[in-house]
Structures are given as structure tokens and as C-alpha cells.
Amino acid sequence: MSVPLLQAEDVLVQFPAPGQAPIRAVDRVSFSVAANETFGVIGESGSGKSTLGRALVCLNRPDAGRILHDGADPFALTGRAFRAHRRNYQIIFQDPNAALNPRMTILDSVCEPLEILGEATAAARRDRARAMMDRVGLSGSYAGRYPHELSGGQKQRVNIARALTVRPKLMVCDEVVAALDVSIQAEVLNLLAELQGEFGLTFVFITHDLGVVSHVSDRIAVMYLGKIVELGPAARVRHAPLHPYTEALLSAEPSALPAAMRTRERIVLHGEIPSPADPPSGCRFRTRCRFAEPRCAVDAPAFREVQPGHFAACHFVDQLTLQGPAS
Amino acid sequence: MNRRWRMLGERLSQVIPVIVLATIIVFGLLQLVPGDPAMTLAGEQATDERIAEIRHLYGFDKPFLVQYGTWLGHAAQGDLSRSLLSGERVVTLIGQSFPHTLTIVVLALLISLLVGVPLGILAAMRAHTRADTAISALSSVGVAIPNFWLAMILVTYFALGLGWLPATGATPLGESVVGSLRHAILPALALAAGGIAELTRQLRSALLEVLSSQYMRTLRAKGLSETAMICKHGLKNVGVNLLTVIGLLFNRLLGATVVVEAVFAIPGMGSLIVRAAINKDFPVVQGVVLSMVLVVVATNLLIDMLYSVLDPRVK
Amino acid sequence: MRGWLRRDLRAAVCLAYLAGLVLLAVLAPWIAPYSPTAQKGAEALADPSAAHWLGTDDLGRDVLSRLIFGAPASLYASFLAVSIATGIGVPFGLLAGLLGGWVDRIISRLIDTLLSFPGIVLAIGVTGALGVGLTHGMIACGLVFSPTLARLARAQTLVVKNELYVDAARCFGASTGRILLKHILPNAVQPLIVQLTLLLAAALLAEASLSFLGLGVQVPQPSWGAMLARAYTYIDIAPEQMYAPGFAILLTAMAFNGLGESLRDVLDPTMKRR
Ligand SMILES: Nc1ncnc2c1ncn2[C@@H]1O[C@H](COP(=O)(O)OP(=O)(O)OP(=O)(O)O)[C@@H](O)[C@H]1O
Ligand code: SF4
Ligand SMILES: [Mg+2]
Chain A
-10 MSVPLLQAED VLVQFPAPGQ APIRAVDRVS FSVAANETFG VIGESGSGKS
40 TLGRALVCLN RPDAGRILHD GADPFALTGR AFRAHRRNYQ IIFQDPNAAL
90 NPRMTILDSV CEPLEILGEA TAAARRDRAR AMMDRVGLSG SYAGRYPHEL
140 SGGQKQRVNI ARALTVRPKL MVCDEVVAAL DVSIQAEVLN LLAELQGEFG
190 LTFVFITHDL GVVSHVSDRI AVMYLGKIVE LGPAARVRHA PLHPYTEALL
240 SAEPSALPAA MRTRERIVLH GEIPSPADPP SGCRFRTRCR FAEPRCAVDA
290 PAFREVQPGH FAACHFVDQL TLQGPAS
Chain B
3 MNRRWRMLGE RLSQVIPVIV LATIIVFGLL QLVPGDPAMT LAGEQATDER
53 IAEIRHLYGF DKPFLVQYGT WLGHAAQGDL SRSLLSGERV VTLIGQSFPH
103 TLTIVVLALL ISLLVGVPLG ILAAMRAHTR ADTAISALSS VGVAIPNFWL
153 AMILVTYFAL GLGWLPATGA TPLGESVVGS LRHAILPALA LAAGGIAELT
203 RQLRSALLEV LSSQYMRTLR AKGLSETAMI CKHGLKNVGV NLLTVIGLLF
253 NRLLGATVVV EAVFAIPGMG SLIVRAAINK DFPVVQGVVL SMVLVVVATN
303 LLIDMLYSVL DPRVK
Chain C
1474 MRGWLRRDLR AAVCLAYLAG LVLLAVLAPW IAPYSPTAQK GAEALADPSA
1524 AHWLGTDDLG RDVLSRLIFG APASLYASFL AVSIATGIGV PFGLLAGLLG
1574 GWVDRIISRL IDTLLSFPGI VLAIGVTGAL GVGLTHGMIA CGLVFSPTLA
1624 RLARAQTLVV KNELYVDAAR CFGASTGRIL LKHILPNAVQ PLIVQLTLLL
1674 AAALLAEASL SFLGLGVQVP QPSWGAMLAR AYTYIDIAPE QMYAPGFAIL
1724 LTAMAFNGLG ESLRDVLDPT MKRR
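Protein chains in written order, with our numbering: chain A, -10 to 316; chain B, 3 to 317; chain C, 1474 to 1747.
In case anyone wonders, no lab produced these hints; they're calculated from the structure.
Note that this is a predicted model, so its numbers are computed, not measured.
Note that the Cβ used here is the ideal one computed from N, Cα and C, for glycine as well.
Incorrect hints may appear among the rest.
Residues from chain B that face chain C, not an exhaustive set, calculated with beta carbons under 8 angstroms [as the list claims (entries may be wrong)]:
| id | residue |
| --- | --- |
| 1 | L116 |
| 2 | A278 |
| 3 | V298 |
Could you put the whole structure together from the sequences, leaning on the hints where they help?
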């Protein structure tokens, strides 16, 4: 088997918290992403998705474990070599506005990556930037504008165009449509799908919307409080979940059928998501799990391969009968 | 109480590196002297022996760290060497000069508080009225006026013109309190202009901030008068803020006296350092700078301690 | 810009005054009625007249001409000191904010220490070491002002460096220098500009003080501070000699301060004085 494009090995990312133990935003997470795959990551707010995404593109350095790009640890590179390597792994952020320097014109922003790489002449760079803006559906008349003059959707297109100018291999999409109007969301998602084929991209697609992620992804990882609790092929995770948390997420999805005709009960997650600064002992999901038993408070369940390619972290994974999605 | 001690310990551990760095800077001043410092310090007509003596005195022939270590060792024992000009011990010179400077600074600080605080309160209470505008115009002048110029104006009218107060010189506080104050009042007034302006501005904006808070709006709704609110709640909340301003003001005044002393020919720290700087009397320059920075650091430490007494959150 | 000046009368007046002053400084040799050093002993300490609008000084030199020729010295001094303060303070502040860790700790301690010195006293010490003279005095003032700017630049950098566009630039492989120059500095610059303007006033006053003390401008070169020093020596016989240079300093300092405060109100609405 060829080397995966991206691997996470036991990755831990923590943030110092004054007067407390550090927050483990991403806690010992492992997975790999193959070339041309779309790898979905889903989880509630605060589960550590963004932190994971940032670690994947070297914006956060793992405090333990490793990120491997094409089988090699990018953090082993230094100085110029490290900076030159980064172009291959790009990220599109959740907030399209904050990702653009307010004091640079749109064209300057889109040109900047090529300028950093020192590719081509200034005129050629501008041509390529304009061509890329054109490709993502931005009219050339925006070139001289400043970010605050554009709508959210337009700004996200700028971010996408800017990232594409360096022809990355992998792109982390961190809730790229969450901040946009619903009417724009589908357009941007379709654009990304087109670009994937055209540029041979590999996506890590982060979202809190299971509907979005299960349609576009080949495989899905489900995160809860910094841990991956389930990981498997998209169709299996969606239709035959192994972990009680995934079950709850699926049942929370809006259903097409009226309540009376649904075959399954809606599982409501009780209580707030616990603070990542002070996660529950044993299984982190136990405070909200409908199957929790005393053992769950003591032992942390292992993350193991239950079926080929389908992993979950639950003590009772073989014994539970879970519901599929509300249909 | 325990917590307060810990805070004090923390503050001290921050102060020590500042003091160490300050001594390095003060000693490092010598490194700025262009060319051979021994020759420069000795002056143009110096004999070779004199140059050698100075070179030895400063240890210019040794590495910087050794020079610094020796100097610091002596300084820590209160030996700041001797003036190259008069041959007197620097510590003695500073001991004679500092009281004059301190008298003016403290008096100026008192005047600043006595005038600045009421003006600040008035400006806040009458915010956006004509009185407020007038006060703010005055404080713009106060901040920008060269204090030595103001000193000259005061001398012209109150000393030379009306003859109410002496134009020059100083009397030690120990000799005659009245005499000392008579000499100090004009310089202190000249210094205080900037202080009053600064205090008025800071107090006004701090009070307005407190007055616009939710808490104050509630009190106002309960029918408390504006004066009562300012006196009872505004000032209490601003008190801590005021301490910080006073700390900064003390630093500023200590610097500013240097120039004002020149106008009144007061034999204080200012006259000492200016004469020394012009004549390259480096032990004196270093001694004055060092003692002044130490006084500032000590004052700030004192203020921090007062802080922990006054600020209820620290308890 | 024009809208702002129309709305803010104070800013317009200060700017107009300063623009006029710069013009005066540049055109001094053509505008001034006499040479600033031409002495006419017979007319010493003359009262204002048609020939000498502001009278003459103790050596019979035309006060108005000296005042006009003092403008370039004072402006040069202010801008020199503030440029030096910027050149030292801003890079150190940016680096401390961006790099954090021990670099930040060392620079921050240094800032604290320098701010503990009474400014003018340290400036006199440095001037004494470098040797008296206007340029040396202003280098000293630049050093003394630099920690103020360093502290501000550091605080601004701490805010801006966590912006997503900085992360985006990092992802494209931007170097630290590029991030500082292209992303952090342009977004951190507004409060710095306000502070620079206020420092120009402080530098002007410092120049006047040093020249008054004989550590700055040397005779016979004219400067407002040196004119005051001269006026002081015969304050008992001709006190009116101190008014022209004094007011020149006062008004110019007020103009710098007024401009700075107006800039603060537009650029930094959170700092607005209520
Ligand atoms: N720079 C930081 N400093 C301190 N804590 C942080 C930092 N970034 C993230 N965290 C904490 O780490 C945890 C995970 O945050 P993260 O942003 O990765 O979650 P997320 O899944 O992306 O959430 P969302 O859906 O809200 O974007 C949160 O508890 C957050 O408070
Ligand atoms: S380990 Fe226990 S608490 Fe955790 S998911 Fe499984 S059953 Fe629920
Ligand atoms: Mg996120």
C-alpha cells in the first residue's frame, strides 16, 4: 500500500489554562487520509475539530504524537524547507472575513501566496490570480476592492481561490459554509466538489452538520471532547453507527417524515457538553450516554476496529443495539 | 493577609531584575562615550598620570563585566566613587542635593492633587458644559507648557516684580521650614502645572467611565444625587486608578525638576547632573541617574503595597 | 480625510498650524527679514518696531528672524527623536509580541526598566556620555522614548498576531519578517501613529529643555530653547524677551497634542475621551 497523504499518530494538542490543568483540545487522535479522499470530521462545538484541522496544516504543533505529510514529519523540517513544504497542505477557515487581511485588496491577497513562493513575475502572478478568481466565480471587478466591501460568500471564494493558487495536495475545509447564508452554502459546496476533481484535491472536511458531511465524505470521523469516538466509511457510520454518540447525532438530524410516521425514537442528548478543561473520567461521553454503566466512569474505552475499517471507542460496542438515522 | 504577602513577594521578584537592568544601563552609559573614555573623561589638558588614574579608577583596561561587577560591588556598599571635578564623594553630593529636589517634587505633587482632583471632579460632574470645556482647554495648555518657561514667568512676576518670594536658591528643610517652603513654592508651582493638567484629565475620564456604568445607572434611578454618587462611589472606584497616576506623576515630576531647578538656581539633583554632564563628570552623572531610578522603583513598590490595602479585590 | 477635517475643527486648526510651521522652517532663509546671527550692538534689547517686529535680543539680533530660524531646529529635533524612538521601539515591540517566550520576557523587563527612569534625567545622562549637541540630545531622547512605543507595539502585536489572516499567511510559508511587515504592522499601526504624534510634542519640549540647559543646541545656532536660555540671563532687565520663543514652543506642542488626540478619536474609537 502506498504511503497515505496525511497521517495523524496519537496526536495531542493542548492549550495552557491559567491555574488549571491544560485543556486537551485534541487528545491522542489517530487516523490517515489517502490521496483524493474526502475525510469528514464531525462533532459539536468545542470538540476540537478546528484545533485538529489546524494541527494537520502545522498551525498548531502537536504536544505529543506526530502529523505525517506523505509519510514524513513536516516539523522535522526547518526554516526555508519547512515554509516551502507548507504550500501542499492548505486550510480554509470557518470565518471567511477574519482570514483576509483588511488592509490588502482582494487581488493582493490572492497574489500573496505566489509572491511568497517567489513564483513567476509580478504580472504573471496577477494573471494567475485573476484566472483563479474567475474559476471560483468571482468577477474581476472585485480585484481592487477591500474585504469589507464583499459578502461572506464572496470572501470565502476569495479564500478558496487564494489557497488554490499554490496547487495544494490537501485542503482542510473547516466549517467553510457555516458562516454563510443557507442559499449560498450549496453553491460553495458544489464549487468545492468541482474543484476537487479538477485539481485532484484531497479534502479534510470539518463540519457540525452530519447531513453535509455524510453526503460529501468517503469516510467520517466523529469527535467528542477531543477524542475520535467513531471512524468508518461514510455509509456505515450513517446507517449502522457503532457509538452511542453517533446514534444521538443521527437521531437529531431533521427528518423528512412527520413524527407519527417515524420508526425510531428521537434520542435527545441531555445536559451540556462538559467542559474540555475538566472532562469526565473514564468514557468522556458517559455523562450524556443512555447506556452508561458504572464501568464507564472508571475505564476509558479503547478505540478499536470493530468491523473492517470501522472503529469505535465504547466498552459495549458489541452488545448495543443502536438506531440508524431518522428516516 | 497570606495572599497579600505572596503578592508582595511576586512584586519583589519583578523589581529585582528591573534594578539589576537599571544598574547595567547606568553603568553602560559609559560605553556610549566615544573614543577612549579615560581620555575623554580626563579632559583635554590632562596629564598622562591623570588619564592612567581614571583608566584605573574605572578599570577601563578590564572586560566590561569585570568593570561592571567592581562598580556594582562598590555601589552596593554605598560607594559611588568621587567626583572628577571636585573630588568629593558622590554619595555626599547626592545627599546634599536630593533633599532640595524632593522638597520641590513633594510640594508639586501636593499642589497637583489639591488642584487637580477638584478640577477633575468638577469637569466630570459638569461634563460637556462650558466649565468642562474651559477646564479641558486649560489642561491642554498645562500639558504642553514648558515648565521652565512657566518658571521664568513666575520669577518675573512674583519674585522680581512683586518681590513676594525669593527668585533663586534654596534653604534646607532642617534649617528653616518657612524659608524652605518660601524657596520651594515657585518651583513647585511651575512643576505642578503639568501635574494638575494630567490629573484633571485622567480623573475626569476615569470618573465618567465609572458614572456611565450599569451600577451607577441603577443608583441614579434610585434617586441618588450626582454629587453623592461621585463622592461615595465614583471616587472609591477611581481611587486605585488615581494611585497609578500618582506613581507615574512622581516619576515625571522627578525628571521635570531638573530643568526647573536650573531656573531657580537650586542646588538640587538637577543642577548636579547638568553640571556633571556638561563637564563629563561621570561618577556624578551615574550616581544621580542611579539614585533617581532607585527612588522611582521604591516609590512604585510602595504604591503597589498601598494598592493591595486599598483594592478590595486583593483581600 | 477631508470629511474628518471638516467635522473636527481642532484637527483642522492643528494641522494647518503645523503645515504652516513646516513651510516656515523650509523657507526660513527667504522669509526671515534678517540673518539670525547678524548683530547690531547699538540696537540691543530694542522694543518691537517696524524694523524689528519682535524687537532685538541682547546682541542686537532680530528676534523674529531667530524665531523663524529656530523652527527648523525644533522640528528637526522632534522628528529626529521620534524617528529614533520608532526605529528602536517598534521593531523590539513587534518581535517581543510575535515571538513571545524568553525574547518577550527580556524585552518586557527592559521596557519596564527604561520606563522607571525619569525621562529627562536619563536623556541628560546619555547626552553627557555622547557629548553635548542637538543631535546627541535627540538621540538620547529617542532612546528614552523608545520603550513607550515598544510597549504599545508589543500590545498591538499580541492582538493582531492571532488573527486568522496571519495564520493563512503562515500556511503559505510566509517568513516572520514578511508577516511582521505585511500583516502585523499595517494592522497595528493606528495607535502607534497616535502615540508618535503625541511624542512629537514631548520631543519638542525635551529639545527645548536640553537646549535651555545648554546640552542641546549650541551657540550661535538659534533654537527656541536656546533663545529662552539667553532670555533667562537678563530676565531682570528684559523679561519680555522670553515670550516669543515660549509661545512658539507652547503652541507647537499644543498643536502636536491636539492632532494626536483628534487622531485617537477617529482611529481608535474605544479610547475616545468621553
Ligand atoms: N488558542 C486557544 N487557546 C486556548 N484554548 C483554545 C484555543 N483554541 C481552542 N481552544 C479550546 O480548545 C477546545 C476545542 O476548540 P476548537 O476550536 O478546536 O473546537 P471546534 O470543534 O472547532 O468548535 P467550533 O465548532 O465551535 O468551531 C475548546 O474548548 C476551546 O476553548
Ligand atoms: S463506554 Fe459507556 S459511556 Fe461510553 S459510550 Fe460506551 S456505553 Fe456510553
Ligand atoms: Mg471550529
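Structure-based check of all given hints:
Nearest Cβ of chain C to the Cβ of L116(B): about 23 angstroms, over the 8 angstroms cut. The hint is violated. Proximity of A278(B) to chain C holds as hinted, the smallest CB-CB distance being about 7 angstroms (cut-off 8 angstroms). A distance limit of 8 angstroms between C-beta atoms decides the matter here; for V298(B) the minimum to chain C is near 5 angstroms, and the interface restraint holds.
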